[in-house]
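A.B. asks: The primary structure of each chain is shown beneath.
Protein chains: 2
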Amino acid sequence: MFTNNLTSLLKIDCPIIQAPMAGGITTSKLVAAVSVNGALGMIGAGYMSPIQLQELIRGVRELTSNNFGVNLFVPSKFEIIENEIEMANSMLNQYREELGIIGERITPPSVEDTFHSYEELIQVVIEEKVPICSFTFGVPSKEEMKQFKQHNVTTIGTATTIEEAILIEKLGMDAVVVQGSEAGGHRGNFISNHEEGLIGLMSLIPQVADNVNIPVIAAGGIMDGRGIRAALRLGAKAVQMGTAFLTCEESGAHPLHKEVIIHSKVGDTTLTRTFSGKWARGIKNKFILEMEEYEDMLPSFPVQNSLTQSIRKAAASQNLKDYMSLWAGQCASLARIETVEELIQRVMDEEMK
Amino acid sequence: MFTNNLTSLLKIDCPIIQAPMAGGITTSKLVAAVSVNGALGMIGAGYMSPIQLQELIRGVRELTSNNFGVNLFVPSKFEIIENEIEMANSMLNQYREELGIIGERITPPSVEDTFHSYEELIQVVIEEKVPICSFTFGVPSKEEMKQFKQHNVTTIGTATTIEEAILIEKLGMDAVVVQGSEAGGHRGNFISNHEEGLIGLMSLIPQVADNVNIPVIAAGGIMDGRGIRAALRLGAKAVQMGTAFLTCEESGAHPLHKEVIIHSKVGDTTLTRTFSGKWARGIKNKFILEMEEYEDMLPSFPVQNSLTQSIRKAAASQNLKDYMSLWAGQCASLARIETVEELIQRVMDEEMK
Chain R
1 MFTNNLTSLL KIDCPIIQAP MAGGITTSKL VAAVSVNGAL GMIGAGYMSP
51 IQLQELIRGV RELTSNNFGV NLFVPSKFEI IENEIEMANS MLNQYREELG
101 IIGERITPPS VEDTFHSYEE LIQVVIEEKV PICSFTFGVP SKEEMKQFKQ
151 HNVTTIGTAT TIEEAILIEK LGMDAVVVQG SEAGGHRGNF ISNHEEGLIG
201 LMSLIPQVAD NVNIPVIAAG GIMDGRGIRA ALRLGAKAVQ MGTAFLTCEE
251 SGAHPLHKEV IIHSKVGDTT LTRTFSGKWA RGIKNKFILE MEEYEDMLPS
301 FPVQNSLTQS IRKAAASQNL KDYMSLWAGQ CASLARIETV EELIQRVMDE
351 EMK
Chain E
1 MFTNNLTSLL KIDCPIIQAP MAGGITTSKL VAAVSVNGAL GMIGAGYMSP
51 IQLQELIRGV RELTSNNFGV NLFVPSKFEI IENEIEMANS MLNQYREELG
101 IIGERITPPS VEDTFHSYEE LIQVVIEEKV PICSFTFGVP SKEEMKQFKQ
151 HNVTTIGTAT TIEEAILIEK LGMDAVVVQG SEAGGHRGNF ISNHEEGLIG
201 LMSLIPQVAD NVNIPVIAAG GIMDGRGIRA ALRLGAKAVQ MGTAFLTCEE
251 SGAHPLHKEV IIHSKVGDTT LTRTFSGKWA RGIKNKFILE MEEYEDMLPS
301 FPVQNSLTQS IRKAAASQNL KDYMSLWAGQ CASLARIETV EELIQRVMDE
351 EMK
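These protein sequences, in sequence, are chains R and E.
For the first sequence, position 129 (counting from the first letter as 1) is numbered 129 according to the working numbering, and the numbering increases by one without interruption.
For the second sequence, position 223 (counting from the first letter as 1) is numbered 223 according to the working numbering, and the numbering increases by one without interruption.
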């Protein structure tokens, strides 16, 4: 067993948090298996409806009484720009045609619904007495923070720079995930611009640890005991691992997504905003490469995300990796297909060496 | 004293190599001080003439009999494209005017001279019996490798990806520096393209260490004992530190360059090719920001480097940080102004903790 102030706070036996990957990866089976094995399981609720989240929380509780958490996407205001959408659609239609979904109606999300859904998700977290809630793409308001404190919810922010980490500490959050440029999936920058927020984890951990007093959780490219030990030595109190859990047997990721990751090589990932309108790291495929030159003209998140949704869905059901969003971090080549128990035991054994 | 197969090979007492920064930073005083204190001093000979290199080598030898090394830039063929040069000059003239150097004649380098100079530098390394030679921007030819082996020169390559590291091992080099995306100064990618070569050190070290048998040296954002310990834990046998030595009292870096670094914050660095035509990381300033939109149209290295040379020189002599190339890694905010002895003692004390 491994103890420090953060593992005590989170009530976990090893300094590992399973990254709250959105989009169906964090099934109740995955989250519960992580928590049962002494790490912290996290539900990626970013794209969920309140009912879906409630069901998933209850599903996890049926499998374990250990601590687990929920991650929410903090919404920002966005604009629906008809021109942009039309142009994006004109490029996306070739893929829709290829996938046989050309006629499908696409409704962009409304700002109001997006904010409303976020508020409802917060209420689910509180009503279901989820002990831990983390946030990506922004921070809760002061009023929301008050609510979380009142209901003893431990809160964790996500930062890509020192200034974001300092803001998270100032708001009264309990810990901060620092996301290095190596990380798979969406970039979490919310004050800094995209480029400023691309700091290698090895540089980010010590500089944030020197500037905040709350515990630092390191995220981005950590796949094994070497990465855990290195992160702890740099000043982190725990690590958050995404890709390593994504390929676990219990994860809900598409089997093809897992396959592509375990056969990937270093340099196979890239940053793209073609899938969602927000920068994210994934394995390069036809869609990313072909859309690259239009990247700057695409609608912003979550509008572009809604436009590509049916493409990603059809690609997944037709087993076509060319059009799926194959999120993965820069250490993807170290991934294995194994059970959560095997993964956690292996990396903790390595960490102790 | 710290020992492994690499420190034994290099005959050093601690697993630290001073990065071979070009452009006047690696004075004989700096290189010798590093070697005297048990680390490996390196001469950055990239822009030197054979005579300058010979003098510097002899200068170091006057100060120490310990091991030290020389780094060479491996040239690639490049084209002189008159249109590109004209366009670049038309943008650069405003800065030349501001600095009072508008009339100065600028001669772009010739491919022939560049290759010839590189060959002469190799001969200096061999004739002066320099024990260690490292390479950036490429690898020596098989014939050159044969020469180095004949003369017992230990050779070290620089890689930004696994495939570059594997090529370096196959060529028979003795060790490989892996340069993470965090690193200050020029990117060393030579097979991979710029973007593919931007891998965070925490992801790069273990993946390269798993794929080559020669010792791995970690470079990029390592500033203190935390970084050294983390790099060793990830699979490196030593670290190469640039920014940390740049601000040392013995370094030949411009005092303003040192000042800017020690007062910098995380996120102050960016990647730019406006100074030299090759991507490099430095502290953002007016020149980088204003030239950013023309970045894709500028001549390639070393042509653009020759065009901005007088601007950088005049800026340095007029103490104008706006137009200087302020190379620095992503951990620049951790830099201090101290002696080499203080730096090495401090980081090794931290490493042992």
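Certain hints may be false.
To be verified - Here are some chain E residues pointing at chain R (derived, C-beta under 10 Å):
no., residue
1, Gly100
2, Ile102
3, Ile106
4, Gly197
5, Ile205
6, Val212
Because the hints were derived from the structure by calculation, they are not lab data.
This one's a predicted model, so the numbers in the text were calculated from it and none came from an experiment.
Each residue gets a CB set at the ideal place from its N, CA and C atoms; glycine is no exception.
A.B. asks: Taking the hints in turn, state whether each one holds.
C.D. replies: So, going through the hints one by one against the coordinates:
For the restraint placing Gly100 of chain E at the interface with chain R, the shortest Cβ-Cβ distance is roughly 33 Å, beyond the 10 Å limit, so the hint is violated. A cut of 10 Å between beta carbons decides the hint on Ile102 of chain E: the least distance to chain R is about 32 Å, and the hint is violated. A least Cβ separation of about 31 Å between Ile106 of chain E and chain R goes past the 10 Å threshold, and the interface hint is therefore violated. Interface restraint check: Gly197 of chain E against chain R, minimum CB-CB distance 8 Å, threshold 10 Å, status holds.
Hint on Ile205 of chain E holds. Least Cβ distance to chain R is approximately 8 Å, under the 10 Å limit. The beta carbon of Val212 of chain E is not positioned within 10 Å of any beta carbon in chain R (closest approach about 12 Å), and the interface hint is therefore violated.
The structure is inconsistent with the numbered hints 1, 2, 3 and 6, although it conforms to all the rest.
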